[in-house]
Amino acid sequence: MTSETEKVIDAIVKLIRETQEGKIIWSPKEPPASLTLDANTSVDIVYETAYKKRSLRLYEENYLVDPGWLERSTTRAFDEILGTKYPHWASHIMLEITDDKGKTLWTFPEVSGLDDLLESVEYQAAGVKAFLDEIVGDKAS
Amino acid sequence: MEAELAQCSAVLESLLNKVGRNEGRSISKLVQLISDNKNLTDQPKDVVWNIFKELTRVRETLRNLQKDKQWEK
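So the sequences go chain by chain: V and U.
Quick note: the first sequence, position 33, residue 33 per the numbering used here, numbers continuous.
Quick note: the second sequence, position 31, residue 31 per the numbering used here, numbers continuous.
A hint or two may mislead.
Straight-line Cα separation of at most 25 angstroms, BS3-like style, residue types lysine-lysine; simulated pairs [as the list claims (entries may be wrong)]:
| hint | chain 1 | residue 1 | chain 2 | residue 2 |
| --- | --- | --- | --- | --- |
| 1 | V | Lys29 | V | Lys53 |
| 2 | V | Lys85 | V | Lys7 |
| 3 | V | Lys52 | U | Lys29 |
| 4 | V | Lys85 | V | Lys129 |
| 5 | V | Lys52 | V | Lys14 |
| 6 | U | Lys45 | U | Lys29 |
| 7 | V | Lys29 | V | Lys101 |
| 8 | U | Lys29 | V | Lys7 |
| 9 | V | Lys52 | V | Lys7 |
| 10 | V | Lys103 | V | Lys14 |
| 11 | V | Lys85 | V | Lys103 |
| 12 | V | Lys23 | V | Lys85 |
| 13 | U | Lys38 | U | Lys69 |
| 14 | V | Lys29 | V | Lys52 |
| 15 | V | Lys85 | V | Lys52 |
| 16 | V | Lys101 | V | Lys52 |
| 17 | U | Lys45 | V | Lys23 |
| 18 | U | Lys69 | V | Lys52 |
| 19 | U | Lys38 | V | Lys85 |
| 20 | V | Lys29 | V | Lys7 |
| 21 | V | Lys129 | U | Lys45 |
| 22 | V | Lys129 | V | Lys7 |
| 23 | V | Lys129 | V | Lys14 |
| 24 | U | Lys69 | U | Lys18 |
| 25 | V | Lys52 | U | Lys45 |
| 26 | V | Lys23 | V | Lys52 |
| 27 | U | Lys67 | U | Lys18 |
| 28 | V | Lys14 | U | Lys38 |
| 29 | U | Lys45 | V | Lys14 |
| 30 | U | Lys18 | V | Lys85 |
| 31 | V | Lys103 | V | Lys53 |
| 32 | U | Lys45 | U | Lys18 |
| 33 | U | Lys29 | V | Lys14 |
No lab work stands behind these hints, which were simulated from the structure alone.
With the sequences and hints as input, model every part of the structure.
Structure (structure tokens):
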């Protein structure tokens, strides 16, 4: 693993920590038009925050995996072993630095930890902690 | 959390003989870190987050190894 990748992972872990500690507040938003134009991709919701004078956007993008017949034929044996069927949907998590108009300036590389960050952000944005406290509070009273 | 880390440590140790030297080095570092901090309740939060960071790095190392192995096939 390169030191650049380690640095990205360290940054993501810091974002997870500050999200869980409530130092970073993420807002759920409708995906911008640029993320909904392609019929082979779908994004349900994006989360945005301002951090160190930058804007960050986090979301899960579902995409259709449908390689052409030529590419499919070259990997057929491998696909058969794995039981991969085409076309199928897959997903990846995107973390981006955006400008003030929402245009992507830079996309973080896809590394481990992004899934944990999304989970923490969803937990915060959905107000799960307060909801659980309310439920437990109701039970006690 | 301590129980989960103990379980995690056991899995990591079992992986040591199945990976190369580079991956083994990251795994050993994490196993040592977990072993040095068995009693997390006495530790500052930074220690726990450091374990999580190392764990995420090991996940990335293993993910890359898995990708390389798939390519070799």
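Cross-check of the supplied hints:
The suggested pairing of V/Lys29 with V/Lys53 holds, with an alpha-carbon distance near 19 angstroms, which does not exceed 25 angstroms. Taking the CA atoms of V/Lys85 and V/Lys7, the gap is near 36 angstroms; set against the 25 angstroms cutoff, the hint is violated. Distance check on the hinted pair: V/Lys52 and U/Lys29 sit about 31 angstroms apart at the alpha-carbon level, beyond 25 angstroms; violated. Restraint check for V/Lys85 and V/Lys129: not satisfied, since their Cα atoms lie roughly 39 angstroms apart, outside the 25 angstroms limit.
For the proposed pair V/Lys52 and V/Lys14, the alpha carbon gap of about 13 angstroms is at most 25 angstroms, so the pair holds. The suggested pairing of U/Lys45 with U/Lys29 holds, with an alpha-carbon distance near 19 angstroms, which does not exceed 25 angstroms. A C-alpha spacing of about 14 angstroms is found between V/Lys29 and V/Lys101, which places the hinted pair at or below 25 angstroms, so the restraint holds. Among the hinted pairs, U/Lys29 with V/Lys7 is consistent with the structure: their alpha-carbon atoms are about 17 angstroms apart, no more than 25 angstroms.
Between V/Lys52 and V/Lys7, the direct Cα distance comes to roughly 17 angstroms. Compliance with the 25 angstroms bound is thereby established for this hinted pair. A hinted pair counts as satisfied when its Cα atoms are at most 25 angstroms apart, and V/Lys103 with V/Lys14 qualifies at roughly 24 angstroms. Only pairs whose Cα atoms come within 25 angstroms are accepted, and V/Lys85 paired with V/Lys103 is rejected, the gap being roughly 34 angstroms. Proximity of V/Lys23 to V/Lys85 is assessed by CA-CA distance (about 43 angstroms); at most 25 angstroms being required, the pair is judged violated.
In summary, the hint linking U/Lys38 to U/Lys69 is not supported, as the alpha carbons are separated by about 33 angstroms, beyond the 25 angstroms threshold. Straight-line distance between C-alpha atoms of V/Lys29 and V/Lys52 comes to about 20 angstroms, which keeps the hinted pair within the 25 angstroms bound. A distance of roughly 43 angstroms separates the Cα atoms of V/Lys85 and V/Lys52; the hinted pair therefore is violated under the 25 angstroms criterion. As the CA atoms of V/Lys101 and V/Lys52 are separated by approximately 17 angstroms, the hinted pair is consistent with the 25 angstroms bound.
Restraint check for U/Lys45 and V/Lys23: satisfied, since their Cα atoms lie roughly 15 angstroms apart, inside the 25 angstroms limit. With a C-alpha separation of about 39 angstroms, the suggested pairing of U/Lys69 with V/Lys52 is violated against the 25 angstroms cut-off. Between U/Lys38 and V/Lys85, the direct Cα distance comes to roughly 45 angstroms. Violation of the 25 angstroms bound is thereby established for this hinted pair. Proposed proximity of V/Lys29 and V/Lys7 is contradicted: the alpha carbons are some 28 angstroms apart, above 25 angstroms.
This hinted pair checks out: V/Lys129 and U/Lys45 have alpha carbons roughly 19 angstroms apart, not beyond 25 angstroms. Restraint check for V/Lys129 and V/Lys7: not satisfied, since their Cα atoms lie roughly 30 angstroms apart, outside the 25 angstroms limit. The hinted pair formed by V/Lys129 and V/Lys14 meets the criterion: a straight-line CA distance of about 20 angstroms does not exceed 25 angstroms. Restraint check for U/Lys69 and U/Lys18: the C-alpha separation of about 12 angstroms stays at or below 25 angstroms, so the hint holds.
Annotation: proposed proximity of V/Lys52 to U/Lys45 holds, straight-line Cα distance about 23 angstroms (limit 25 angstroms). Taking the CA atoms of V/Lys23 and V/Lys52, the gap is about 12 angstroms. The hint holds against a cut of 25 angstroms. Pair hint U/Lys67 plus U/Lys18 holds up; C-alpha atoms about 15 angstroms apart against a cutoff of 25 angstroms. A C-alpha spacing of about 23 angstroms is found between V/Lys14 and U/Lys38, which places the hinted pair at or below 25 angstroms, so the restraint holds.
Restraint check: the Cα-Cα separation between U/Lys45 and V/Lys14 comes to about 13 angstroms, which is no more than 25 angstroms; the hinted pair holds. Simply put, U/Lys18 and V/Lys85 have alpha-carbon atoms about 30 angstroms apart, too far for the 25 angstroms limit, and the pair is violated. With a C-alpha separation of about 16 angstroms, the suggested pairing of V/Lys103 with V/Lys53 holds against the 25 angstroms cut-off. The hinted pair formed by U/Lys45 and U/Lys18 fails the criterion: a straight-line CA distance of about 32 angstroms is larger than 25 angstroms.
Using a Cα cut-off of 25 angstroms, the hinted pair U/Lys29 and V/Lys14 holds, with the two alpha carbons roughly 20 angstroms apart.
Comparing the model with each numbered hint stated earlier shows that hints 2, 3, 4, 11, 12, 13, 15, 18, 19, 20, 22, 30, 32 do not hold.
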